[in-house]
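So the sequences go chain by chain: A and B. Residues in the first sequence are numbered consecutively from 1, following the working numbering. Residues in the second sequence are numbered consecutively from 1, following the working numbering.
Note that these hints are calculated values from the structure, not bench results. This one's a predicted model, so the numbers in the text were calculated from it and none came from an experiment. Backbone N, C-alpha and C define an ideal beta-carbon position, used for all residues, glycine too. Among the hints, erroneous ones may be present.
If you only want the chain A side, here are some residues facing chain B, beta carbon under 8 Å, derived [stated by the list, open to error]:
no.: 1; residue: Leu-54
no.: 2; residue: Leu-69
no.: 3; residue: Arg-76
no.: 4; residue: Lys-82
no.: 5; residue: Ser-87
no.: 6; residue: Pro-138
no.: 7; residue: Pro-155
no.: 8; residue: Ser-156
no.: 9; residue: Leu-294
no.: 10; residue: Leu-295
no.: 11; residue: Asn-297
no.: 12; residue: Met-335
no.: 13; residue: Gly-336
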Amino acid sequence: MEHELTWHYPVIFYLYLAGLGAGAVATGAYSFLISASNPGRRYHYFRMARFGALIGPFPVIIGVSLLILELGQPSRPLNLFKVINLSPMSIGSWFLLVFIFTSLLYALTFLPSFKMDDEALSKRLHRVQHVLSLLNIPLGIGVAVYTGILLGAMPSRPLWNSPILALLFLVSALSTGIATIILARSLLHAKSDDAEPERRTRERGRRMAAKRPGRRYHETGYLLATTDLVLISIELLVIFLFIMFAHLTVGNLKYAMETILPGGSMSVTFWVWVVLIGLVIPALVELFTVLPRLLYNVPFQARRSVEFLVSVAVLIGGFMLRYVIVVAGQITGPMGI
Amino acid sequence: MSDSMNLNATTNNTGNPATTDRTQAESQQPVTGRRGILTAMFASAATVLAAITTTLFRSRSSLADESGEAGTDQRNKQYGMVIDVRRCIGCHACTVACKSEFDLPLGVNRCWVEYVEKGEYPDVGRSFLPRLCNHCSEPSCVYVCPTNATYKRKQDGIVVVDQGLCIGCKYCIQACPYDARYQDPIMGWIDKCDFCVHRVSQGVEPSCVSTCVGGARIFGNLADPDSEVSKLIAKNRVTVLRDEMGTFPNVFYIAADHTDAVDSRRPEVRHVRVLTHRKDQTRR
């Protein structure tokens, strides 16, 4: 089927970047809330939150600019804000407008934190950050979910017209958002964090840790890795449910799903790039890295190169997921006329 | 927020200044935080709720204005078309008339004729399927348009595009099950068949109807029981395209062959070839 694609790279990149940015901001804001409620371990969580807050808005803005460039006339998208209707794109563009504003404000509040000399200023900023992080979590999740709802709103695109697609995009957005934070940390963090004071570990665990060289991280590294691992597992489960229920129906959705299932025109792209490279391999590597901490309470350690490669693989997988879903949805339509 | 805190502070200061100050210093931080949280949450929730209710009420009231929900019988005028495929000779006169009526750019069509070929020699058949926008009673393109640029006209049920509002996002192209919409390659906006609204509003038939050599296209008011289209629908077996999409199309076909390329998987349908005569070689 060589059908002309109505939505191509700009839209695919937009769906990916908006989800990624929203996921990074939301997870960063969440770790800020942890830092606020955890004064003892505040600094590490705060630094994680800063990565999310400072990086997050830019993918969203780049994605939206790509869309505006694709529309051709920069003044045209202003028509979106003349009305509110129940179209997912209308609701989503309002969400995006508010989210870009609040996430940029949120990013700005983190800029003075590189120099925390002024006590009064940092205290006042902390309060603003608190409110903004509470706003940004629901808004970020809203933006991430909306990218899935946008595609799911049309019966004429059977592959997209599934309630689980929005969930899949949300989980993928959060997972790529965390991967962005891990990537930024592995690139920008020259020296490793001070690990937490020696825990009580069993002899076997200590031997195991000694055999595995790598940077010792603070608990935040462990938190990031496990959260990513859990999200990837949920994503695999959601993909399984998506495919299984499509396979168990009769008609349009089953017919559309054949492009992804083995033998279909996009099956290699999907199974190799999305499932294997984007999900299974990163999940296994992350599982291997977190196991000593999980089983034997050894301080979390990870090689910088491993962290880098895992996060890049997750980011590639997230993009390929959007690519496969957007393209496969468009080359298939309802069966029959 | 901070005003109320200050107020608290001033009232408290009437007591023992030293102790109250300390208790304040201890209690102030968490109270501010929690109140900030609550205020922010309430404010955001209230905004979202207000937006949603406004929208819902607006869409309700606009539906109420529209003299009826979806069906054609509540509407006092719903233009529609009956296409008698038995009379179509596949000459593409309607395509040409439409292109010249609107001076359409290269590569796009509002109206086109598909050929469906099936069977193996000597048992073969070819039938024609004239296509156009179905001006649905439940138009999914209208439901997804973010700017209300495409809408169903209240006075005659024609689905039109307001090119001044259209941003060219192509959401409606995705939503239309009939592939009736295209992006204007020159202007970038979305366009489609509008039943020749400029002719119809003057009492003239659409261009494709008046040019049809076999008289296969019949146009009229579906809400009027005495119109020719209503009589044809009453007397003949009529079908619509992609009924299962729930769009309630207003273009009806007599003796249309609904064979699609998908049907070539069936063992009894030996060979199917669909010629769309458009830039897209396949039906979507």
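Evaluation of the provided hints:
1. A cut of 8 Å between beta carbons decides the hint on A/Leu-54: the least distance to chain B is about 21 Å, and the hint is violated.
2. Against a cut-off of 8 Å between C-beta atoms, the interface hint on A/Leu-69 is violated, since the closest Cβ of chain B lies about 12 Å away.
3. Satisfaction of the interface hint for A/Arg-76 is found here, the shortest Cβ-Cβ separation to chain B being roughly 5 Å, below the 8 Å cut-off.
4. Hint status for A/Lys-82: holds, given a least beta-carbon distance of 7 Å to chain B, under 8 Å.
5. Interface restraint check: A/Ser-87 against chain B, minimum CB-CB distance 4 Å, threshold 8 Å, status holds.
6. The interface hint given for A/Pro-138 holds, since its Cβ lies 7 Å from the closest Cβ of chain B, which is under the 8 Å cut-off.
7. Given the 8 Å rule on beta carbons, the hint for A/Pro-155 holds: about 5 Å separates it from the nearest Cβ of chain B.
8. For A/Ser-156, the interface hint holds, the least distance from its beta-carbon to any beta-carbon of chain B being 4 Å, beneath 8 Å.
9. A distance limit of 8 Å between C-beta atoms decides the matter here; for A/Leu-294 the minimum to chain B is near 32 Å, and the interface restraint is violated.
10. Proximity of A/Leu-295 to chain B is violated relative to the hint, the smallest CB-CB distance being about 37 Å (cut-off 8 Å).
11. Taken as an interface hint, A/Asn-297 does not check out: its beta carbon lies about 32 Å from the nearest beta carbon of chain B, beyond 8 Å.
12. The restraint placing A/Met-335 at the interface with chain B holds, with a minimum CB-CB distance near 4 Å, inside the 8 Å limit.
13. With its C-beta approaching chain B no nearer than about 5 Å, A/Gly-336 sits inside the 8 Å limit, and its interface hint holds.
Of the hints listed earlier, those the structure fails to meet are numbers 1, 2, 9, 10 and 11, in rising order.
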